[in-house]
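Chemist: Spelled out, the chains give:
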Amino acid sequence: MQTQTTQHGRSHEGDGATMARGLGWFSLGLGIAEIGAPRALARLIGVDDDSRTRATMRVLGAREIANGVGILARPQRPGPLWTRVLGDVIDLGLLGWALQKRRSHTERVAAAIVSVVGVTALDVIVSRHAQRARAAASNEPVTRSITVNRAPEEVYAFWRNFQNVPLFMQRVDAVRVIDGQRSQWTVRARNGKTFAWDVEVVDDSPGERLAWRTIEGSMIDQRVGVTFHRAPGGRGTELKVDMRFGPGESDVLGAVAKIFAGPQMAVDLLRFKQLAETGEIVYSDASVHVGPHAAQPSRDTVTAGTEVAS
Amino acid sequence: MRATCWMGKKDVRVERVPDPKILNQRDAIVRVTSTAICGSDLHLFNGLIPTMERGDILGHEFMGEVMELGRAVNNLAVGDRVVVPFPIACGACSMCQSQLFACCENSNPNAWIAEKVMGHSPAGLFGYSHMLGGFAGGQAEYVRVPFADVGPLKVHAGLTDEQVLFLSDILPTGYMGAEMCDIKPGHVVAVWGCGPVGQFAIASARMLGAERIIAIDRFPYRLRMASERAGATDVINYEERDVLDALLELTGGRGPDACIDAVGMEAHGHGVQYAYDRAKQAAMLESDRPLALREAVRACRNGGVVSVIGVYGGFIDKFPMGSVMNRGLTLRAGQCHVQRYMRPLLERIERGDIDPTFIVTHRLSLSDAAQGYDTFLRKQDECMKVILKPN
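As you go down the protein sequences, you meet chains P and U in turn.
The opening position of the first sequence corresponds to residue 1 in my numbering, with each subsequent residue numbered one higher.
The opening position of the second sequence corresponds to residue 1001 in my numbering, with each subsequent residue numbered one higher.
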């Protein structure tokens, strides 16, 4: 019934992910050394190899291994990489403390500090790279398809009347039609903030395709394309929505991108299908609430066909 | 109103909750006159179905009287006596139009959760987790029934509640299990599990013309009912005999033409295999214990049908796919498309082809629902089917 295609992965993996994997393996190797040969490692970095050092070394080793596995599992994610930076800071702290200790081999400890500083710099670079790549990924087009058991002309006509949109798009509060091409959309983020912008229709092929974009100078640059294909076997219309964002103010854009992210689009398209096929949006005793609610009738007054804010 | 609420694993209580209201224009509010505890409710009771929340109202086998109707319901009137099918179906999507009501594309508002687990979402069900809609169930005084113009079956006063209540789920489920077997004259059908669904699968295989029907269980009283009331020709107690050996012996070494799994995700057994599945399930390395299903696959004759109507929730381990593939078995399964069987089965009840009341062993007040769950789970007092009466 529904398919979701996102173009993720390879395109912005590239060098960043290779570097991240390198750091992951480095973490794993260091962790194994710290657990397996704490004495030799202690001597190498010039700290006293007493039992306390060895115990500390093993704890740090466990952290490194966990961190390494985390990075290797998802090299594109910035989280585990930033954890490495945090680990570097801890290591530097410990080495700084060791430097003041009488029994330490000062030159070796200093050399170790220099190496860790170098690795820290590398970690920061790779982490920031991963974070930027992730931010760019959130600007990727969100696409989703659904089959609706109605003729393409009918489905198109329903979408073309933008005043219908708030009926099925949960986050769109209102659409005010300005003229044949332009309309003003008011959208509500999860935190309750509302945003408004004007859109204009840029492609209008009745029964086939409808596309609109935010007008010049809007707070965001959003382009939406909806195609209506006749589904094989007399099953109505294959509806496909493609939503893209151009560069814009990053915080606003982030909020907006989240509003229209894949999962919300999945919910909205099901709501549209319900509306088109059954005449209304289907509610359960739980789903009529905006937040979590047990599957039992509500204590609040519920108006048919609307969610209860809670 | 009072309603049977899921309060956590092995904790079911009758609580006071708000009365249901019309939420959609095709809703009905039904005053429940009879409701039953289903074997699949025990999976919820045992905490094996994900996405349950404290306070969820249970129950998907129920019937009653229409108290209130949404504006868009034109085929029912206040006061009508109706049996309600457990899958919620819109009647308008392409699945419903293909009579695959349990796969309705519109009735699960939480489809996105089910899609994550199953790939695509099935229909919403009454009282069966949030992943399957978050609909309040019918083990209550009142219940809201969505798409009341599609599902509920009107029944006349000449039939008792007990005669028609099981049209809501287990009679059609057992019937579909037998129908999926493509029974032809001379066929031998084996049924794993002689709970209520297994009994009705046996009775249905008999109605559909199977020559021999072999019932498999471990409780003598259930096997007795299978042969004395449902129509099994042979019984196997798996605690006394090896099932595969017994089936080879009963079928001249061929194996049954069709095997019905009426057990599902909480199969019992013995030996290493049972210990293995218990351990894996406890460690959450598999969600379902497929002992009966594995045995049904291995037992089935070459080119035969394995029909799965026992409920599975998620993932199973060590499934003998090599046996299915190399021996050309057909695996068929499904939540029952109840809406398509209700009317023909009502006619069979009226004609006297089947009297579904034979499975009822316990009649309790709704207030005693917790006791009903416990008795049914422990199979105390030769418990087969518990009916709850709200009033």
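None of these hints come from the bench; they were simulated from the model.
Check each hint, because a few of them may be wrong.
[As the list claims (entries may be wrong)] Derived SDA-like pairs: lysine to any residue, alpha-carbon spacing no greater than 20 Å straight-line:
(1) U:Lys-1154 - U:Leu-1346
(2) U:Lys-1010 - U:Cys-1383
(3) P:Lys-240 - P:Gly-291
(4) U:Lys-1116 - P:Ala-111
(5) U:Lys-1116 - P:Leu-269
(6) U:Lys-1021 - P:Ser-145
(7) U:Lys-1021 - P:Ala-231
(8) U:Lys-1116 - P:Thr-301
(9) U:Lys-1116 - P:Arg-271
(10) U:Lys-1116 - P:Gly-279
(11) U:Lys-1116 - P:Arg-299
(12) P:Lys-193 - P:Val-290
(13) U:Lys-1116 - P:Thr-147
(14) U:Lys-1116 - P:Met-265
(15) U:Lys-1184 - U:Asp-1234
(16) U:Lys-1116 - U:Lys-1184
(17) U:Lys-1154 - U:Lys-1009
(18) U:Lys-1116 - U:Pro-1050
(19) U:Lys-1116 - P:Asp-300
(20) U:Lys-1021 - P:Pro-292
(21) U:Lys-1318 - U:Arg-1348
(22) U:Lys-1021 - U:Asp-1182
(23) U:Lys-1021 - P:Arg-52
(24) U:Lys-1021 - U:Lys-1010
(25) P:Lys-240 - U:Lys-1010
(26) P:Lys-240 - U:Lys-1021
(27) P:Lys-101 - P:Leu-86
(28) P:Lys-240 - P:Pro-152
(29) U:Lys-1318 - U:Ala-1279
(30) U:Lys-1009 - U:Glu-1065
(31) U:Lys-1021 - P:Gly-279
(32) U:Lys-1021 - P:Leu-269
(33) U:Lys-1116 - P:Arg-209
(34) U:Lys-1184 - U:Thr-1233
(35) P:Lys-240 - U:Leu-1346
(36) U:Lys-1280 - U:Arg-1031
Chemist: Take the hints in turn and mark each one as holding or not.
Modeler: Verification of the hints:
1. U:Lys-1154 - U:Leu-1346: holds, 10 Å
2. U:Lys-1010 - U:Cys-1383: Distance ~18 Å between Lys-1010 (chain U) and Cys-1383 (chain U) Cα, so the pair holds.
3. P:Lys-240 - P:Gly-291: Status violated; Cα separation ~28 Å.
4. U:Lys-1116 - P:Ala-111: violated, 51 Å
5. U:Lys-1116 - P:Leu-269: holds, 16 Å
6. U:Lys-1021 - P:Ser-145: Distance of about 33 Å is beyond 20 Å: violated.
7. U:Lys-1021 - P:Ala-231: violated, 37 Å
8. U:Lys-1116 - P:Thr-301: violated, 32 Å
9. U:Lys-1116 - P:Arg-271: holds, 18 Å
10. U:Lys-1116 - P:Gly-279: Between Lys-1116 (chain U) and Gly-279 (chain P) the Cα gap is close to 27 Å, so the pair fails against 20 Å, i.e. violated.
11. U:Lys-1116 - P:Arg-299: violated, 31 Å
12. P:Lys-193 - P:Val-290: At roughly 16 Å apart (the allowed maximum being 20 Å), Val-290 (chain P) and Lys-193 (chain P) satisfy the hint.
13. U:Lys-1116 - P:Thr-147: holds, 19 Å
14. U:Lys-1116 - P:Met-265: holds, 15 Å
15. U:Lys-1184 - U:Asp-1234: Within the cut-off at roughly 19 Å; holds.
16. U:Lys-1116 - U:Lys-1184: violated, 39 Å
17. U:Lys-1154 - U:Lys-1009: Given pair Lys-1154 (chain U), Lys-1009 (chain U) is violated - Cα atoms ~36 Å apart, limit 20 Å.
18. U:Lys-1116 - U:Pro-1050: holds, 12 Å
19. U:Lys-1116 - P:Asp-300: The hint is violated at about 31 Å.
20. U:Lys-1021 - P:Pro-292: holds, 19 Å
21. U:Lys-1318 - U:Arg-1348: violated, 40 Å
22. U:Lys-1021 - U:Asp-1182: With a Cα-Cα distance of about 43 Å, the restraint between Lys-1021 (chain U) and Asp-1182 (chain U) is violated, given a limit of 20 Å.
23. U:Lys-1021 - P:Arg-52: violated, 67 Å
24. U:Lys-1021 - U:Lys-1010: violated, 29 Å
25. P:Lys-240 - U:Lys-1010: With a Cα-Cα distance of about 45 Å, the restraint between Lys-240 (chain P) and Lys-1010 (chain U) is violated, given a limit of 20 Å.
26. P:Lys-240 - U:Lys-1021: This hinted pair is violated, its Cα atoms lying about 35 Å apart.
27. P:Lys-101 - P:Leu-86: violated, 23 Å
28. P:Lys-240 - P:Pro-152: holds, 12 Å
29. U:Lys-1318 - U:Ala-1279: At roughly 14 Å apart (the allowed maximum being 20 Å), Ala-1279 (chain U) and Lys-1318 (chain U) satisfy the hint.
30. U:Lys-1009 - U:Glu-1065: violated, 32 Å
31. U:Lys-1021 - P:Gly-279: At roughly 19 Å apart (the allowed maximum being 20 Å), Gly-279 (chain P) and Lys-1021 (chain U) satisfy the hint.
32. U:Lys-1021 - P:Leu-269: violated, 26 Å
33. U:Lys-1116 - P:Arg-209: violated, 30 Å
34. U:Lys-1184 - U:Thr-1233: holds, 16 Å
35. P:Lys-240 - U:Leu-1346: violated, 43 Å
36. U:Lys-1280 - U:Arg-1031: violated, 42 Å
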